[in-house]
Amino acid sequence: MYDRIESAGLKGRDFLSTQDWSVDELETLFSLAAQLKADRKAGLPTRILEDKTLYMIFFDSSTRTRNSFETGITQLGGHGIYLSPDRMQISHGENARDTANVLSRYGEAIAIRHCAFGEGNAYLSEVAAHASVPVLSMQCDVYHPCQILADYLTIREKFGDTSGLKLGVAWTSAPNYVRPISVPQSLILMMPRFGIDVTLAYPPEFKLLPEIEAQARLNAEQSGARFEITNRFEDAFEDADVVIPKSWGPLVHTRDHDEGIRLIEAYPSWRCDAAHMALGRDHMIYMHPLPADRGREVTDEVIDGPQSAVYDEAENRLHVQKALMALTM
Amino acid sequence: MYDRIESAGLKGRDFLSTQDWSVDELETLFSLAAQLKADRKAGLPTRILEDKTLYMIFFDSSTRTRNSFETGITQLGGHGIYLSPDRMQISHGENARDTANVLSRYGEAIAIRHCAFGEGNAYLSEVAAHASVPVLSMQCDVYHPCQILADYLTIREKFGDTSGLKLGVAWTSAPNYVRPISVPQSLILMMPRFGIDVTLAYPPEFKLLPEIEAQARLNAEQSGARFEITNRFEDAFEDADVVIPKSWGPLVHTRDHDEGIRLIEAYPSWRCDAAHMALGRDHMIYMHPLPADRGREVTDEVIDGPQSAVYDEAENRLHVQKALMALTM
Amino acid sequence: MYDRIESAGLKGRDFLSTQDWSVDELETLFSLAAQLKADRKAGLPTRILEDKTLYMIFFDSSTRTRNSFETGITQLGGHGIYLSPDRMQISHGENARDTANVLSRYGEAIAIRHCAFGEGNAYLSEVAAHASVPVLSMQCDVYHPCQILADYLTIREKFGDTSGLKLGVAWTSAPNYVRPISVPQSLILMMPRFGIDVTLAYPPEFKLLPEIEAQARLNAEQSGARFEITNRFEDAFEDADVVIPKSWGPLVHTRDHDEGIRLIEAYPSWRCDAAHMALGRDHMIYMHPLPADRGREVTDEVIDGPQSAVYDEAENRLHVQKALMALTM
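Residue numbers (my numbering), protein chains in the order written: chain A, 58 to 386; chain B, 58 to 386; chain C, 58 to 386.
Think of the hints as simulated: they come from the structure by calculation, not from any bench.
Because the structure is a prediction, the values reported are computed rather than measured.
One or more hints might be untrue.
[What the hints assert, rightly or not] Only some residues are given here: those of chain A computed to face chain B with a beta carbon under 10 Å:
| # | residue |
| --- | --- |
| 1 | R121 |
| 2 | G129 |
| 3 | H136 |
| 4 | L347 |
| 5 | A349 |
| 6 | R351 |
| 7 | I360 |
| 8 | A371 |
| 9 | N373 |
Think of the CB as a built atom: it goes at the ideal place given N, C-alpha and C, for glycine as much as any other residue.
Taking the hints into account, I'd like the entire structure generated from these sequences.
Okay, structure coming up:
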């Protein structure tokens with residue numbers, strides 16, 4: 058039943074960004090995810106990784122990521138170990154090389170979340186350079202590839218063929234802390250490769266990393282999809298099939314936290330409500346990686362309404378990550 | 058061997074209080090618990106919940122509850138995930154609705170401990186309202202139903218037929234912090250339903266929630282058991298078969314912490330010693346949910362003595378919770 | 058395949074120090090460890106402890122110990138529960154007796170790390186006195202027996218017969234905190250019992266517990282091995298087959314933290330570099346339990362060089378501990 062896993066040739070592959078994987082390789086993953094999802098609904102066992110160990114190192118807190126990975130490896134017959142750097146020797150100065158080498162001798166994969174801007178991706182890359190087992194990103198400062206896999210699987214489930222769909226990715230204003238830019242960056246990188254037209258809307262101070270925006274443009278050109286950036290919130294909604302309004306920090310503009318919060322508070326009208334939803338196509342769905350700041354990013358009416366696909370999207374984290382683990386571990 | 062589980066019809070049921078379950082349903086649970094206990098002693102496998110996931114959200118610290126649930130799901134072939142709100146997005150303001158919906162998409166049950174007075178039960182109820190998987194109480198501010206299941210199984214093992222037994226539930230004075238009222242409340246609610254006469258003894262400021270005391274009275278009336286409240290410590294011991302002396306806070310009387318501690322310290326003589334034990338029947342057993350404050354709640358002589366059943370009681374947490382999970386998940 | 062486990066007669070045995078086990082018993086463990094290691098490389102299942110639970114109580118942080126134990130019990134088909142005293146009732150004053158008794162009723166073994174000087178071993182011993190399941194040391198203030206099992210397995214893999222080999226155990230200067238003395242103490246205790254000549258080198262203020270040094274001398278006399286103590290760093294390297302340069306605190310000399318740090322900083326030249334390595338035999342290997350303070354304890358050139366066996370040594374933690382669990386649980 059899972060006999061294509063071996064022949065997929067992805068055993069041992071790292072997954073730090075979707076950009077490192079070809080469209081064909083990603084298609085293999087989505088196809089396996091769909092099969093694992095169907096088998097779970099049917100109550101079939103899926104002990105593909107029996108007694109194998111996944112290390113999950115979290116530099117930042119998590120609900121969906123931790124639980125979907127740990128439940129996923131459980132359903133595959135293996136075991137996930139939740140690790141906090143503050144309870145590891147990392148807090149005693151152990152370097153990435155030693156951590157990578159030692160964990161590679163014990164278990165079968167190392168998953169890491171490390172969102173500190175300017176640090177996370179560098180840490181993941183250094184672990185990957187030294188590990189002999191696959192290193193899987195659970196989100197860094199630059200990428201959140203597993204989230205985008207789940208987003209894409211959700212879109213495909215709702216619409217079938219994704220070619221020519223319009224996805225709006227819109228910045229929203231959310232208080233209290235400066236959120237990472239990894240989600241919008243990963244969205245604009247991968248979605249155009251699957252033929253999806255992407256409109257990215259943000260206030261001027263909220264631009265993404267120039268090299269990521271450039272790569273997204275290139276990806277769109279190569280696939281024939283459209284990719285455009287705008288400073289008008291509504292542009293992300295108009296005639297869209299899918300909209301993902303989500304807050305992030307002005308990290309490319311300023312590293313100063315207070316100035317970041319001030320800029321976020323300068324655009325309170327960047328909030329998704331029913332009027333915005335009415336700008337899209339009738340079948341338009343609303344997605345958000347969660348947790349959403351209800352009232353500030355989106356109204357309850359929208360996120361709890363009939364167009365919201367947030368729980369389907371969250372569920373798909375489980376299925377795509379099970380496919381990712383089954384293929385690489 | 059476990060073929061009655063399916064036909065019990067409890068799959069998907071929440072367990073926030075014993076009051077929500079009929080005596081027949083509770084009997085089914087006790088009977089399964091006894092069978093699971095016997096099978097464990099015999100070394101038989103009990104993989105009833107293979108590769109299923111139990112989420113255990115702890116707002117408060119734990120030894121017995123966490124380890125008995127996590128060991129229990131392991132012995133059933135499944136996996137428990139220990140979750141702390143401070144490491145989840147709950148600390149970023151995620152609401153109960155989102156947590157409930159998302160975890161329902163991944164695993165098979167959500168167990169929660171949340172003892173903050175005036176908050177815990179409300180939180181559990183809200184999660185239960187939105188979850189599509191069973192929500193199991195690991196103690197809230199109002200109820201600690203799993204503890205009482207274990208207590209009852211222990212009493213039945215010691216005495217056989219429980220009808221007409223006398224149980225004394227006595228307040229004790231224990232320093233440093235204000236303990237929840239969930240244990241005595243759950244005791245007085247459930248024990249009379251199984252024909253056990255209950256004497257509840259506390260100083261005047263330590264009364265329980267009026268609606269719980271009223272429900273306990275009603276339960277006793279319906280079953281024909283006696284239920285009485287007294288302000289004299291010794292009343293709980295005299296002619297009793299079972300005594301559970303246990304500290305709790307004057308939460309119904311005052312929410313002020315310092316005033317609570319002052320009131321607790323006003324009754325230092327409410328401590329169980331050998332003289333009190335001599336007031337009961339010769340076969341009287343001493344129980345306590347642990348941790349006990351040795352020296353303040355009880356003398357070492359009693360808790361480590363021949364009448365103490367505290368470790369049998371603690372062990373039964375494992376067996377009743379395995380039955381609970383097997384029936385509901 | 059694993060039919061000798063039952064007949065080894067070690068079921069239920071505690072493991073707080075290698076000194077409590079005979080050489081024959083330790084040989085049984087090493088032989089099983091080698092077999093488990095070979096079976097893992099061959100991809101064979103080793104479900105010797107199916108659905109059994111190991112409690113891992115960590116009073117101190119850990120990378121290798123936690124992950125090797127938890128991965129090990131996973132590969133044996135069981136489950137490890139990671140416990141922090143600050144999240145258990147231990148933080149509410151629960152005593153060792155109650156913790157030992159309760160966990161003994163639920164699972165199959167209790168592993169503990171507790172390195173606080175003057176407290177750790179006493180705590181482990183008290184738990185062991187009350188537990189009816191085996192208590193396994195994951196390092197205390199006096200012993201780190203699992204580390205030394207891994208060290209010995211590594212030496213045997215590299216050299217075959219270990220009789221007559223020279224091992225240098227050298228103190229090194231490492232900043233910031235006062236490291237335990239359990240590793241050198243466990244090394245000098247066990248290695249002579251397997252015929253290994255040990256040279257222990259430290260500055261005068263860094264002597265080990267007198268009773269441990271005396272026992273090491275006795276062990277050496279009984280086996281015919283040499284054991285010598287010197288205050289010259291180079292003595293540990295000259296003509297050695299194996300060298301383990303590792304920092305520890307002057308705990309026997311002073312309990313004052315600042316004075317300890319001052320003494321550590323008084324010997325900055327006690328650092329292993331290529332020149333020291335050249336003093337040993339050509340085939341000499343470098344080992345360290347990790348985490349090493351790179352630059353202060355050892356140069357990168359040495360620890361990342363061809364003579365370094367640190368990752369093999371770390372890996373062997375997994376295999377010896379799997380053997381330990383399989384034999385005792």
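Hint by hint, here is what the structure shows:
1. R121: Holds, about 6 Å.
2. G129: Result: holds, 8 Å to nearest chain B Cβ.
3. H136: At about 8 Å, which falls below the 10 Å cut-off, the nearest Cβ of chain B leaves the hint on A/H136 intact, so it holds.
4. L347: 6 Å, holds
5. A349: Constraint on A/A349 satisfied, holds at 8 Å.
6. R351: OK, holds: A/R351 within 10 Å of chain B, min 7 Å.
7. I360: 9 Å, holds
8. A371: 5 Å, holds
9. N373: 9 Å, holds
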